[in-house]
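Mind docking chain B on chain A? Use the hints.
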Amino acid sequence: MAEMAASGEEPEILFWVGCAGAFDDRYKRVTRAFVQILEHVGVKYAVLGTEESCTGDPAKRAGNEFLFQMQAITNIEVMNAYNVKKIVTACPHCFNTIKNEYPDLGGNYKVIHHSTFLQQLINEGKVHVKGGEAFQGRRITYHDSCYLGRANNIYEAPREVLAALDADLVEMKRSRANGLCCGAGGAQMFKEPEPGRKDINIERTEEALATLGTAGNSVIATACPFCMVMMNDGVKNKDQEENVQVFDIAELVAQAEGLSK
Amino acid sequence: MIGIENIIFLVVAAVGIGLFVWQIRKIRKNVLMGRDTVLADNPSERLSKVLLVAFGQQKMFKRMLPAVLHLFVYVGFLVINIEVIEILIDGVFGTHRILGFAGVLYSGLMFINEILAALVIVACAVFLWRRNVTKVPRLANGVEMRAWPKLDANIILVVEIVLMLALFVFNISDLKLAQLRGTHIAGAYPISSLFVNALGSDPETLYMAGRIGWWFHILGILAFMNYLPSSKHFHIIMAFPNVYYSKLLPKGKFTTNPAITHEIKAMLDPSYQPPAPEVDAEGNMVIQRFGAKDVEDLAWKQLMDAYTCTECGRCTSVCPANITGKLLSPRKIVMDTRDRMEEKGEHPAIFAPNHYKELGVERVHVTEENTLLRGYITPEELWACTTCNACVESCPVNIDQLSTIMDLRRYLVLEESAAPASLNAMFTNIENNGAPWAFSPADRFNWAEELYMPSKN
Chain A
1 MAEMAASGEE PEILFWVGCA GAFDDRYKRV TRAFVQILEH VGVKYAVLGT
51 EESCTGDPAK RAGNEFLFQM QAITNIEVMN AYNVKKIVTA CPHCFNTIKN
101 EYPDLGGNYK VIHHSTFLQQ LINEGKVHVK GGEAFQGRRI TYHDSCYLGR
151 ANNIYEAPRE VLAALDADLV EMKRSRANGL CCGAGGAQMF KEPEPGRKDI
201 NIERTEEALA TLGTAGNSVI ATACPFCMVM MNDGVKNKDQ EENVQVFDIA
251 ELVAQAEGLS K
Chain B
1 MIGIENIIFL VVAAVGIGLF VWQIRKIRKN VLMGRDTVLA DNPSERLSKV
51 LLVAFGQQKM FKRMLPAVLH LFVYVGFLVI NIEVIEILID GVFGTHRILG
101 FAGVLYSGLM FINEILAALV IVACAVFLWR RNVTKVPRLA NGVEMRAWPK
151 LDANIILVVE IVLMLALFVF NISDLKLAQL RGTHIAGAYP ISSLFVNALG
201 SDPETLYMAG RIGWWFHILG ILAFMNYLPS SKHFHIIMAF PNVYYSKLLP
251 KGKFTTNPAI THEIKAMLDP SYQPPAPEVD AEGNMVIQRF GAKDVEDLAW
301 KQLMDAYTCT ECGRCTSVCP ANITGKLLSP RKIVMDTRDR MEEKGEHPAI
351 FAPNHYKELG VERVHVTEEN TLLRGYITPE ELWACTTCNA CVESCPVNID
401 QLSTIMDLRR YLVLEESAAP ASLNAMFTNI ENNGAPWAFS PADRFNWAEE
451 LYMPSKN
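Chains as they are written, first to last, in the numbering used here: chain A, 1 to 261; chain B, 1 to 457.
Next up, chain A with everything else stripped away, as it sits in the complex:
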């Protein structure tokens, strides 16, 4: 972003990478896949790079309003200085916070989650996932992210992206508005769960596995870094890594488009 600003250019969109997208080894692959798609369609985009900082979402959900506002106000100052207008992010937590909570603090942007963005690219014909045979007949189930779904009513965009893949899309019993949390929201990602009968991600993974059946080579699709971690852990816990893979929808699109393996 700094480079673009220095050369007097303004990007069409700011890609908000998020902490998971920048630091989590597994999620870095999603970041790269999404960037490959952006490059492929030729959108003029920028990232904040080292000037980006945590949105403050986990602090806010954990009750630390003070730290949240510190983060938010600092980020808003950076983005306003660059005259940012439109933001795309792959993280529903960043998406929710910037879209819904930053305006109260002076940050007003058009914020789009990457599922909506990918759906638009497919609708506009800029990405042609159809025809790629990588997913034909494979079973895919989509796990709703709470912060995308219930929190912001985005249920159809990720499903439409997956439907474009020609895969066999199957729904879990608890889906859309009735979807079950992966167990990581509300800052649970950063602490041990409270004592109980089982962990939430195990419950959800069991449901996903039951839905996918035993065919093998099937996919749990996610659209959130936290969901990805939790579902991956669940699949490992159940020793199903051979049969079931967890992918972000951006990775699936990049694969179908031949941008990555």
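Because the hints were derived from the structure by calculation, they are not lab data. Heads up, some of the hints might be wrong.
[Claimed, not checked] To be clear about the criterion: a stretch of chain B counts as covered by chain A if any three or more of its residues have a C-beta under 8 Å from a C-beta of chain A, and this derived list gives those stretches:
#1 308-321
#2 325-338
#3 380-392
#4 406-418
#5 434-448
[Unchecked claim] Cut-off 16 Å, straight-line C-alpha distance, at most; resulting in silico cross-link-like pairs (EDC-like, lysine to aspartate or glutamate):
#6 A:Lys-28 - B:Glu-449
#7 A:Lys-238 - A:Glu-207
#8 A:Lys-173 - A:Glu-206
#9 B:Lys-253 - A:Glu-207
#10 A:Lys-130 - A:Asp-166
#11 B:Lys-265 - A:Asp-104
#12 B:Lys-26 - B:Glu-449
#13 B:Lys-265 - A:Glu-77
#14 A:Lys-44 - A:Glu-77
#15 A:Lys-85 - A:Glu-10
#16 A:Lys-191 - B:Glu-380
#17 A:Lys-130 - A:Asp-168
#18 B:Lys-344 - B:Glu-369
#19 A:Lys-110 - A:Glu-206
#20 A:Lys-191 - A:Glu-156
#21 A:Lys-28 - B:Asp-443
#22 A:Lys-85 - A:Glu-12
#23 A:Lys-44 - A:Asp-24
Beta carbons: idealized from backbone N, C-alpha and C, even for Gly.
For chain B alone, coordinates are given in the frame of chain A:
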């Protein structure tokens, strides 16, 4: 002709309604213990929510069987209340079936009334069965389902059945009397006409049975109305205002505390002038509490939620923490809020349901601290919440359980620094590194190094 019976009726009705108004005033006072919040925006959107969610029962239909049964009871309640208007007029002026002049319209009303009354009996019987025999888990289990909530539910269902039976006794005896006298009474009675011989054929007895049925029905209604403020059944009134004042913002948007915003802006920019601090009537500075420790720290809408709760447990049954055996139960948070509010404020009810100790274990204070937080709700419950909004989504009367959980969490963190250690570590990481993990901010762009970007060739 107005006689002694009508004067007695007038007195009874006035006392019943007066007592109800007195109780409502107490409840209003309790709700107003909460913080001021202005929820007056978008009246048209709010009204359409009331039509859909409250009148239209929209969210009930997430579960088909209870939704249909509840619809019988609900529509029955609305329609049969039209007849209560007639009962009131008849009672005061000594008339008999005064609305009978409406002819076909009256026949239609009575016809629908009888069908609905029968359906109400069926629905209530099935509800009793679900609570006491099949023991549907969300209705039977949970630490918050103590003696009173369980007894309360059964009382309501039995009373509803008895009230409907009283209505039938009134109709049957009226019909039979008319038959014996060879006269005709206004209205159509599809159910009662099947039972005309059930009450014998002595005119005296029939007349008495009719009066008893009539009096029982109206006395029952007046008594039941005054029972409502002590009961979960209060939802039949509160559902409407509560839905009107429901959250219109995206569920993911949590409230912002402007006092903190001023503090941070002043910290970052020494020239920033925060607004003058609030003062109370005596000119003393109002000390702001961050988050909520007790009921008066919650907003009035959150307290209204507590009076609206039907204890149906739909929230708890979809809560991921509860499903996996953690302590959190969103329903308990709401019920605790109500109990604490009544402990602290006035008892709106004629009797004190949350001190009811006849059966089983009753409300125990968790700690010596006599506040909502700790005294009723433990930090362990609060920290189990994933803020997934499943409870909020599931509530048929638009209660926002999550906002209360969040306000209590905020108190723990902002006033007591009592977050679990791992969360404190996460806070430190964000403060020092700008990320919840201990990575150096300088490494934030490393993901791009390994990237193959075709356009950069």
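Here is how each hint holds up against the structure:
{"no.": "1", "hint": "308-321", "verdict": "holds (count 3)"}
{"no.": "2", "hint": "325-338", "verdict": "holds (count 4)"}
{"no.": "3", "hint": "380-392", "verdict": "holds (count 10)"}
{"no.": "4", "hint": "406-418", "verdict": "holds (count 7)"}
{"no.": "5", "hint": "434-448", "verdict": "holds (count 13)"}
{"no.": "6", "hint": "A:Lys-28 - B:Glu-449", "verdict": "holds (11 Å)"}
{"no.": "7", "hint": "A:Lys-238 - A:Glu-207", "verdict": "holds (12 Å)"}
{"no.": "8", "hint": "A:Lys-173 - A:Glu-206", "verdict": "holds (11 Å)"}
{"no.": "9", "hint": "B:Lys-253 - A:Glu-207", "verdict": "violated (29 Å)"}
{"no.": "10", "hint": "A:Lys-130 - A:Asp-166", "verdict": "holds (7 Å)"}
{"no.": "11", "hint": "B:Lys-265 - A:Asp-104", "verdict": "holds (13 Å)"}
{"no.": "12", "hint": "B:Lys-26 - B:Glu-449", "verdict": "violated (66 Å)"}
{"no.": "13", "hint": "B:Lys-265 - A:Glu-77", "verdict": "holds (11 Å)"}
{"no.": "14", "hint": "A:Lys-44 - A:Glu-77", "verdict": "violated (22 Å)"}
{"no.": "15", "hint": "A:Lys-85 - A:Glu-10", "verdict": "holds (10 Å)"}
{"no.": "16", "hint": "A:Lys-191 - B:Glu-380", "verdict": "holds (13 Å)"}
{"no.": "17", "hint": "A:Lys-130 - A:Asp-168", "verdict": "holds (13 Å)"}
{"no.": "18", "hint": "B:Lys-344 - B:Glu-369", "verdict": "holds (13 Å)"}
{"no.": "19", "hint": "A:Lys-110 - A:Glu-206", "verdict": "violated (37 Å)"}
{"no.": "20", "hint": "A:Lys-191 - A:Glu-156", "verdict": "violated (31 Å)"}
{"no.": "21", "hint": "A:Lys-28 - B:Asp-443", "verdict": "holds (12 Å)"}
{"no.": "22", "hint": "A:Lys-85 - A:Glu-12", "verdict": "holds (8 Å)"}
{"no.": "23", "hint": "A:Lys-44 - A:Asp-24", "verdict": "violated (25 Å)"}
The structure is inconsistent with the numbered hints 9, 12, 14, 19, 20 and 23, although it conforms to all the rest.
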